[in-house]
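Student: So the sequences go chain by chain: B and H. Under this note's numbering, the letters of the first sequence match residues 1 to 634, in that order. Under this note's numbering, the letters of the second sequence match residues 1001 to 1311, in that order.
Source of the hints: derived by calculation from the structure; they are not laboratory data. We put the CB at the ideal spot given by N, CA and C, even for glycine. A few of these clues could be false.
What the hints assert, rightly or not - In silico negatives: residues of chain B with every beta carbon more than 10 Å from chain H: (1) 131; (2) 198; (3) 243; (4) 510.
Said to hold, decoys possible - Within a straight-line C-alpha distance of at most 25 Å, the following computed PhoX-like cross-link-like pairs (lysine-lysine) qualify: (5) H/1309 x B/189; (6) H/1217 x H/1154; (7) B/266 x H/1311; (8) B/266 x H/1042; (9) B/266 x H/1309; (10) B/434 x H/1042.
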Amino acid sequence: MPEPEDLIWRIAGGSGDGIDSTSQNFAKALMRSGLNVFTHRHYPSRIRGGHTYVEVRAGNGPVNSRGDGYNFLLTLGDSFARNPGEDAYYGNEEAKPLTENLDDLNEGGIVIYDEGLLDEEDVEAINLEERAEENGWHVYPVDLRGIAREHGRDVMRNTAGVGFTAALMDIDPAYFEEIISNGMSGEMKEANLKVLEDAYELGQEVEHTHDWSAPAGDGHDEEQVLLSGSDAISYGAIDEGCRFISGYPMTPWTDVFTIMSQNLPKFDGVSEQVEDEIAAAALAIGASHAGVKAMSGSSGGGFALMSEPLGLAEMTETPLVLVEAMRAGPSTGMPTKPEQGDLEHILYTSQGDSTRVVFAPANVEECYTQTRKAFELAYEYQIPAIVAYDQKLQGELRNVPESFFDEEPNADPGSVLTEEEIAEAAHHASDKFKRFLHEPEDGSNVSPRSVPGQEGGRFLATGNEHNEVGHISEDPENRVIQMDRRMGKLDDIREELDAEESHQTYHGPEDADYGIITWGSQQDTVFEAVDHLNEAGHSVKAVGVSDLMPFPEAEMTEFLDSVEHAVVAEMNASGQLRGHIQKELGKYGDKMSSLLKYNGNPFEPRDIVEGFETSLDTGELPHTRMKYVPAAGD
Amino acid sequence: MSAFNAIGADREIEDEEFTPGIEPQPTWCPGCGDFGVLNALKQAMPKVGRNPDEVAVFTGIGCSGKLNSYFESYGFHTIHGRSLPVARAAKLANPGVEVIAAGGDGDGYGIGGNHFIHTARENHDMTYIVFNNEIFGLTKGQTSPTSPKGHKSKTQPSGSAKDPIRPLTLSLSAGASYIARTAAVNPNQAAEILAEAIQHDGFAHVDFLTQCPTWNKDAKQYVPYTDIQDSDEYGHDINDRAEAAEAMYDAESKLHEGEILTGRFYVDDERPSYTEEKQAIGEMPEQPLAERYFDEDTEWDRSYQLLEKHK
Ligand SMILES: Cc1ncc(C[n+]2csc(CCOP(=O)(O)OP(=O)(O)O)c2C)c(N)n1
Ligand code: SF4
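Chain B with its partners taken away, still in its complex shape:
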């Protein structure tokens, strides 16, 4: 028997109708049933109303991307639809979750729509029957609202939808019952359980015209947890002893800021929502200067405001961790759509030469480990470290074994001295502590620091160039020594990273003829595409780059040397990673072409397949979805 197809279940409805929590519970239930799960959220740029959807993909094999299209649509209708008059500006919002989602529904897919909410004419108007026939779809109209109303309130339509899905897909409803029972109480719980039961029964009674069901979970070896990239970044920070966060809301950074604000007090930490992003970064610098591991962050525009404080942290060698959650730009761009367009901004923003660490984790696990590493490096080397991710990774959930997070905390504040050590440390003839020592005793580029309140550790931190005790100095010799020392830290960090397990992730046969290079949230989608490509007879491997500064020169040189040609796939319009690789390695301009997607939607595996094949014949892609930029000579 062939492997059962992954279930890719899309729930669509009005934003504010509980789509998010329903999909989370759905994913959790399938995870508990022993499947691997992955969710993909689509956001409208409105607070309430406006249709939205979430996809839950579930299968027994690894599910690391949203997959291609989807095969099960549950549309609830948009209960927040506001039609001000006859000639409503929004058109028929109620029907939109159904009408606007059909394009990506795979052949043979299943549709459930809420008959209770939609008028028959609306459904007729979109020729659903005709389209279903063409595509082999199986359509199940059901009065979800009616079932919900019978036992409780209209909003329980989602529970009804889940019950009906379970029946159509042969999923044991006990998993949903359990989640409802644990998550609710009193009347709410009872009502939801009744709705679930009724809908499930109804789903069993109706005639099933389709003949496939969700894969049955074959179990996990260990307990699983369902986490988003933002959860993982936050937890990584907490485990590294971060006890101070300052921020200003901006989507999608708000996610980490919220999670941290809600959890830090439980760990005796402090969260500050401040007046703007300049202040947010400045506060994190102040807390770190005073001896507390601190973090801040923002998204594009807010991060732009942090540019000057970021440089201050570099110049004063104040450890600092910033999160940059990218969304589509320029300017306020598309607030709820992902893009990887801030790479150059993150690498080089602020005046002068950049001395910072930049990591771009690719998935939930990497969000955790690389945030931890960012803190470790920031505090050991007294340098700002930026964790860059995007709106896609921010919101998607996937299951990870709980044991993955069974890690010791690290409260080590890095290169801070104790008072005893300060007394022993290098001092100026006038007895002043040499905070910015030209040649640190251990031969490294890190001059150990003191924090305010420590005996004998007084120094001046300044964003101006300064001498060993921190005083402003324009002495040319001192300038060169201090610059070299600060920049030298990047070489030291590269060395440290090279000696450890690589952050770059490789996929596909080592001796493949062709390569695909990608970064951040696109990695696992690319890897899935690589499997398809190799199955189709191509010879391809891929690398997901996480270390963006300092850059993994040796690794990337080796990768590029080993292939005939490489396609760099990224979500921006100008090929920023490709440019960065070329700058860092000083060559390969003729060996890399770009596959770019910047319409607000991340790549699907089939995009990569199509793009790769296009690169082989250097043809042109349909411009609205993707762009192919051929290689250019060095």
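Starting from the known structure of chain B, fit chain H with the ligands onto it as the hints suggest.
Tutor: Coordinates of chain H with the ligands only, in the frame set by chain B:
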């Protein structure tokens, strides 16, 4: 491993301790009012009773921003207008440290105006000294937010069309719990006020009139001033917000007319500081955050305990 021995040192403090041994000569012009702030601050320290290791001075950019280059303590010369947010977090990180922030009128009331409003609003326990010379000094004499209307400069050759900012009333409405004005030409009052401001538990704002003989020759800061506390003509209940507001309005109007009133304008000893407020709602621990990293008894919980809800 001792963490912060310096904090709470119990001994006599001498003002000379705050004069660094090796610093370059101040780059301030002869006759600059900034010397007055530096001296007043040194004079204030013995009254405050804190040693240089437990004091941290955060400055912005400008001639005023050089204050901590010539003052012996922990220092952080930040960026233009941003001394307050950096300082504020240092206080939250370690409430045991005496935090003082300072900057010019351009720095504090212009580019950093937003931070000023919010730091006052939150009533952080710190002192903020604004060197008010009614001009941009370091960038060579451009109009500042406190320059009088009609003031001519290279960037406003026809004279400023703007009314100057009223720092005292602004501070009061923003929420500062100690507000005073003093002047470099009055060293005794200045030292006394700074000592009081530093000892105040809450946000203490001192508008410090400093002459800039280089770029603002006709500034009123040379005019003799009146100490409102010593004058029979003036005098209001400094704990009363409404009376303080009136006195400030008066003082600020008169300043524009050439009469300088200095002294304490408003003191609220009742209002809890921001740290106390945060502690009261359970979002700030009693033990200083910074100390924990040095305290071997601290148990570092990890995020693992949060995973329950993700199962
Ligand atoms: C972001 C930024 N903008 C502008 C400057 C240039 N700048 C340096 S000092 C200064 C004005 C300082 O005036 P004020 O705060 O009144 O201080 P003073 O020099 O008079 O003491 C300016 C505009 C800067 N350093 N940073
Ligand atoms: S320019 Fe003015 S403020 Fe600056 S040092 Fe000279 S006198 Fe003082």
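Student: Would you check whether the claim that residue 243 of chain B is not at the interface survives, using Cβ distances to chain H and the 10 Å cut-off?
Tutor: At about 5 Å from chain H, residue 243 of chain B fails to clear the 10 Å cut-off, so the statement is violated.
Student: Holds or violated: residue 266 of chain B with residue 1042 of chain H, Cα cutoff 25 Å?
Tutor: violated, 41 Å
Student: Between the alpha carbons of residue 1217 of chain H and residue 1154 of chain H, is the straight-line distance 25 Å or under?
Tutor: holds, 15 Å
Student: Please verify that the nearest CB of chain H lies beyond 10 Å from residue 198 of chain B's CB.
Tutor: Correct as stated: the minimum Cβ-Cβ distance to chain H is 28 Å, above 10 Å.
Student: Are the Cα atoms of residue 266 of chain B and residue 1311 of chain H separated by 25 Å or less?
Tutor: Given that 25 Å is the threshold and the Cα spacing comes to 20 Å, the pair holds.
Student: Are residue 434 of chain B and residue 1042 of chain H close enough, with their CA atoms no more than 25 Å apart?
Tutor: Holds, at about 23 Å.
Student: Need the status of pair residue 266 of chain B, residue 1309 of chain H: alpha-carbon distance at most 25 Å?
Tutor: Cα-Cα ~15 Å, so holds.
Student: Using Cβ atoms and 10 Å as the threshold, tell me whether residue 131 of chain B really stays out of contact range of chain H.
Tutor: holds, 39 Å
Student: Would the non-interface assignment of residue 510 of chain B survive a Cβ cutoff of 10 Å against chain H?
Tutor: holds, 35 Å
Student: For the pair supplied as a hint, residue 1309 of chain H and residue 189 of chain B, is the alpha-carbon distance within the 25 Å limit?
Tutor: Holds - the C-alpha atoms of residue 189 of chain B and residue 1309 of chain H are around 18 Å apart, at most 25 Å.
Comparing the model with each numbered hint stated earlier shows that hints 3 and 8 do not hold.
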